[in-house]
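Asks: So you can see what is in the structure, the chains are spelled out below.
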Amino acid sequence: MTTYNEMEMMIVTAARELENGATVGVGTGAPCAAAMLAQKTISPDLVIMFEAGGISPDLPEMPISVGDSRTFYHASMAGSMGTIMSSCARGFVDYTFLGGAQIDMYGNLNSTAIGPYDSPKVRLPGSGGANDFASFCWKMMVMTPQDKRRFVEKLDFLTTPGWLEGGDSRKNSGLPANAGPHKIITNMAVMDFEPDSKRMRVISLNPGYSFDQVQENCGFELLRLKTLPVTPAPTDDELAILRDQVDPGRVVIGR
Amino acid sequence: MTTYNEMEMMIVTAARELENGATVGVGTGAPCAAAMLAQKTISPDLVIMFEAGGISPDLPEMPISVGDSRTFYHASMAGSMGTIMSSCARGFVDYTFLGGAQIDMYGNLNSTAIGPYDSPKVRLPGSGGANDFASFCWKMMVMTPQDKRRFVEKLDFLTTPGWLEGGDSRKNSGLPANAGPHKIITNMAVMDFEPDSKRMRVISLNPGYSFDQVQENCGFELLRLKTLPVTPAPTDDELAILRDQVDPGRVVIGR
Amino acid sequence: MDIIEKGTGPIFSDPDPDKARAFFRQKSRIKKDKTMSLSKAVEKFVKDGDYLGIGGFGANRTPVAACHEILRQKKKNLGFAGHTATHDMQILSAGKAYNRIDVAYVVGLEARGLSNCSRKYLESGEVEVSEWTNYALSVRLQAAAMGVPFLPMRSMLGTQTFEKSGAVAAKCPFTDKKMALVPALSPDVSFVHVHEADMYGNARFEGIAVADLELANASKHLVITCERLVSHEVIARDPHRTQIPYFIVDAVCEVPYGGFPGTMPNEYFSDEDHLREWLTKEKDPEAFETFLQDNIYGCGNFQEYIDRNGGIGRMQELRRKEFMINGGDTNDNV
Amino acid sequence: MDIIEKGTGPIFSDPDPDKARAFFRQKSRIKKDKTMSLSKAVEKFVKDGDYLGIGGFGANRTPVAACHEILRQKKKNLGFAGHTATHDMQILSAGKAYNRIDVAYVVGLEARGLSNCSRKYLESGEVEVSEWTNYALSVRLQAAAMGVPFLPMRSMLGTQTFEKSGAVAAKCPFTDKKMALVPALSPDVSFVHVHEADMYGNARFEGIAVADLELANASKHLVITCERLVSHEVIARDPHRTQIPYFIVDAVCEVPYGGFPGTMPNEYFSDEDHLREWLTKEKDPEAFETFLQDNIYGCGNFQEYIDRNGGIGRMQELRRKEFMINGGDTNDNV
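One line per chain: the protein sequences are A, B, C and D, in this order. To get the numbering used here, take the position in the first sequence, counting from 1, and add 198. To get the numbering used here, take the position in the second sequence, counting from 1, and add 198. To get the numbering used here, take the position in the third sequence, counting from 1, and add 12. To get the numbering used here, take the position in the fourth sequence, counting from 1, and add 12.
For the record, the hints were derived by calculation from the structure and aren't laboratory data. Given the structure is predicted, the values throughout are model-derived calculations rather than measurements. Just so you know, not all the hints are guaranteed correct.
What the hints assert, rightly or not - Between beta-carbon pairs, the in silico distance windows are:
1. A:P258 x C:V242: 46 to 56 angstroms
2. D:N111 x A:G452: 36 to 46 angstroms
3. D:D14 x A:I240: 41 to 51 angstroms
4. A:I240 x C:K52: 26 to 36 angstroms
5. C:K18 x B:D316: 16 to 26 angstroms
6. A:E259 x B:K369: 51 to 61 angstroms
7. A:A438 x D:G61: 20 to 30 angstroms
As the list claims (entries may be wrong) - Taking lysine-lysine pairs in the DSS-like style, the calculated list, with each CA pair at most 25 angstroms apart, reads:
8. C:K189 x B:K319
9. A:K319 x D:K295
10. C:K31 x D:K88
11. C:K132 x C:K31
12. B:K337 x B:K369
13. A:K337 x D:K39
14. C:K18 x C:K295
15. D:K44 x B:K238
16. D:K44 x C:K190
17. A:K319 x D:K39
18. D:K189 x A:K369
19. B:K369 x B:K346
20. D:K18 x C:K189
21. D:K189 x B:K337
22. D:K18 x D:K39
23. C:K190 x D:K295
24. A:K369 x D:K44
25. B:K337 x C:K189
Ideal Cβ positions, reconstructed from N, Cα and C, are used throughout, including at glycine.
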């Protein structure tokens, strides 16, 4: 079997979540690579949308920006942010991939500030379209390295909604019903959210990792399935397509 | 002096109200003829807008419909109803001409039903865009024949806002501030609205008519200026342009 | 939000965005061939009792062919968005296809006069009515298109149009000003006529948009009728010209002259003679029945209607009228 | 409307539509020649303290030339709409041109990394901040464009983004659901970069619209920078392609390559080397000063900046990159 790196593992795992005919709102980088890989493997009819307005492009290469020309190259439509976000708001978009400097056990994200909001240690970009995507898209996913400083007990700032305080809190928040965090994909494991408490739960371990290792690299207590399967490794085909067709410049997957 | 008919008199009077550089939201028929005449006489820079989306066309002939091809012929923009109405709502449109089956002393209009609303004698078209134009455009004008059945004490239905119940009632209604009915142009006279009571007031008499004649053809008591000037008759130039360039088919002005 | 005033008009469409979301969640997003005959599209997507939206403005870029087909298939008890509904309403009234209507502009054909048939049907008491304005219906569709249950606006206030609508008035929390709030309107099915579409449903048109983009995005099912199908490559070359994205579209029906006897910008002007014939025939119920039989019920499809009313030759004349080409002697049919 | 929750963030722009109406009432609607140099437009329409809007998305169809000119003219104390503000914000931060900002996406250049200069300025305490989302800023602009003081939306709820914004939460009177209501945002002056405009200001662009139409319609003053002026006849031939009507435009400035070093769809791709140079130079305050002197303050106009960074030859390369034309040997400069 071909060797692969952890970024490749994450991208392949993410791509497999995207069933054929689904819609996904993505940004640049790994999520876009995952969506492109899915299109070239299991989901030829996956519809990619970019928040700045691009709908269903034939991506000729990885975009640099969520609004650059590649995001609407040979597209069905070059619309507006309103076109995309109102489509999301109406329930037309199934998946989105988001990231952040911090994530908590309910899948809430911080991309606003590290340290106290009023005198931050680091001022970060803010929500961008993340809060909107997470509010509107049915299933929000995150690809992120497993790291104690990222997986925190308490966010310095809650930029983007996950399951908020868990339980029924999101349901009562006024956010659209039945949407929320779906899967968290790290270099070590795949997590979902326990249906009642809405707490993060490990559901599979990436090859070579134990649950304890995942827990050690997480700032809060993780739930787990009793039996933890191993996340299937990338196939040779997936790797070949990812390396040769999706990211030949190795911008995302590295060299 | 050339002879002219009453429709010509009304159109010429209306055209003179439209100063150069103003914007006007019009429909088909006499208002459109007035706007076209103004463009060809005192207001070369008059901007004509049609509620279906046409902005500043070079009208090659009188449109048949507020949305036909002529309304955006060589236009600056073929937009949408939203483009036009939101421009009106933002305060970009100075004038509009409206009509109706009935008008009351505050310039309110009925274009919905004659007789009781629930079992009307005649069901009429309804507001269309009239209520919107009257709400948003700074100065609403009406061109209509002077007739007791049109100028009524009480409307069968208040479709489109004038000064509502007069006084400060429009100010308190929530409608945009400082907009409202401006001039009423009939075959017999020109009326405005007395500033405090907002009641209809005769300000000039068309050639050949007396105040009493106007009052006799009006279902409510009219206010009047003490001295009533005569509305200036159409000039030969105005008539020539109206007949030869604006309405050569005599669709509106008749033969 | 404190309601200050409340219209008494019925609301025919549920403004709950979560219900609309649940519907759209299961709507297919696959980019597949959606071309079909108009009769199949009407059969498949218009159910008795549905709320119907018709694009265009009056008799301009209006999917007239769709209205004919709705009559041929004897659809009943529809709701209808009457935003400058002129010739479309005239047809639908002739078939008594609807029994409730959101009124902004109805029964008239603008300067052409009132439709006797539409008027009589509305006066009959068989139709439930709610009053709005043209812009209010645009804004209501826009609310649905944005996935929110209402939008604020500043017209309608102070009038009986408001009183007989389903709007409410409430104070703006930022300025304390009174606003009219209008509920989202999501038609079950709408028809929009365009110049060009690909087989997936990506569509574009020329001229004014009226409220068609709001309507298209607000509607649960959307059928595109087009003057001509084009390949996806033609669309993909200029994606900024796409106005309607394929994933909101259920069916694409190629119907040349599908807006006749109305105007289709840069294609053909309205046939005023034929529209006048409609208005005249309506005045005599018996003659009107024959007229409807000849022009709708007795036609297998819209192409037959075109053929019975002058066919390609007449279309050439209307094209010349659209482009204001007078004189010359280049057209064998003229 | 009963306010359930209320963000504590400042609102930098008065949402009162009647005040905006009073302004627009006196704005000239005359179709006159509005072409002028960009320096004159900035001088005339940007006042210290104004609230500023910049079109485009990140470094895509962004009026970069306008940002340079604002620095050259040392405009200060501006408010700024930070909706995916990347390279534009980097420039404006370098000149400390603004002192209050509505944040949706700031300090980053997307995948390219964070701007040290923007970050330090925001962390300095010299800038007043209100938090929003990208769509919230679109919707706020749309509210102003529609002449209403607010619009409802369904994101932001439940988060600190809401708490640090100026939004309020209230119940929908039709569905009883909780909505976020966001106040209208009317920039005093905005710049939008397009492909083509006529001398009156009728403007059109290709590719995605981002939130530029909302921005253009919301703004009290609007300056169009364009790749090229075209005659009014060119616009009037296809009026459905006009996206910005002349009457909302105050000035038209022809600035070829005015979006460099960003991407202009169908014209030129972003200059990633040069953008990287910006990010690198920022890390050393002294080197950055020299860089700014060389590239902005020491340039008489944007054309000089282009010339100093490769001129037409480089633009040809970026054009090839935009169209993904690799190989061949047709360009003397490559």
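Asks: Does the beta carbon distance between D:D14 and A:I240 stay inside 41 to 51 angstroms, or does it fall outside?
Replies: holds, 49 angstroms
Asks: Is the Cα-Cα distance between D:K44 and B:K238 25 angstroms or less?
Replies: holds, 17 angstroms
Asks: Does D:K39 sit within 25 angstroms of A:K337, going by the straight-line distance between their CA atoms?
Replies: Roughly 47 angstroms between the alpha carbons, so the hint for A:K337 and D:K39 is violated.
Asks: With the threshold set at 25 angstroms, check whether the alpha-carbon distance from B:K337 to B:K369 stays at or below it.
Replies: Status holds; Cα separation ~15 angstroms.
Asks: Given the range 16 to 26 angstroms, decide if the beta-carbon distance of C:K18 to B:D316 lies inside it.
Replies: Between C:K18 and B:D316, where Cβ atoms are some 18 angstroms apart, the hint holds.
Asks: For the pair we were handed, B:K369 and B:K346, check the Cα-Cα distance against 25 angstroms.
Replies: Violated, at about 29 angstroms.
Asks: Keeping to a limit of 25 angstroms between CA atoms, is the pair of A:K369 and D:K44 held or broken?
Replies: violated, 55 angstroms
Asks: Taking the beta carbons of A:E259 and B:K369, is their distance inside 51 to 61 angstroms?
Replies: Given range 51 to 61 angstroms: holds, Cβ gap about 60 angstroms.
Asks: Between D:K189 and A:K369, is the straight-line Cα distance small enough, at 25 angstroms or below?
Replies: Satisfied, since the Cα-Cα distance of roughly 11 angstroms is no more than 25 angstroms.
Asks: Measure nothing beyond the straight line between the CA atoms of A:K319 and D:K295; if it is 25 angstroms or shorter, mark the hint as holding.
Replies: OK: A:K319 and D:K295 at ~17 angstroms, within 25 angstroms.
Asks: Regarding the pair B:K337 and C:K189, is the alpha-carbon distance no greater than 25 angstroms?
Replies: holds, 21 angstroms
Asks: Is C:K132 close enough to C:K31, meaning Cα to Cα at most 25 angstroms?
Replies: violated, 36 angstroms
Going down the numbered hints, you'll see the structure goes against 1, 7, 8, 10, 11, 13, 14, 16, 17, 19, 21, 22, 23 and 24, while the others check out.
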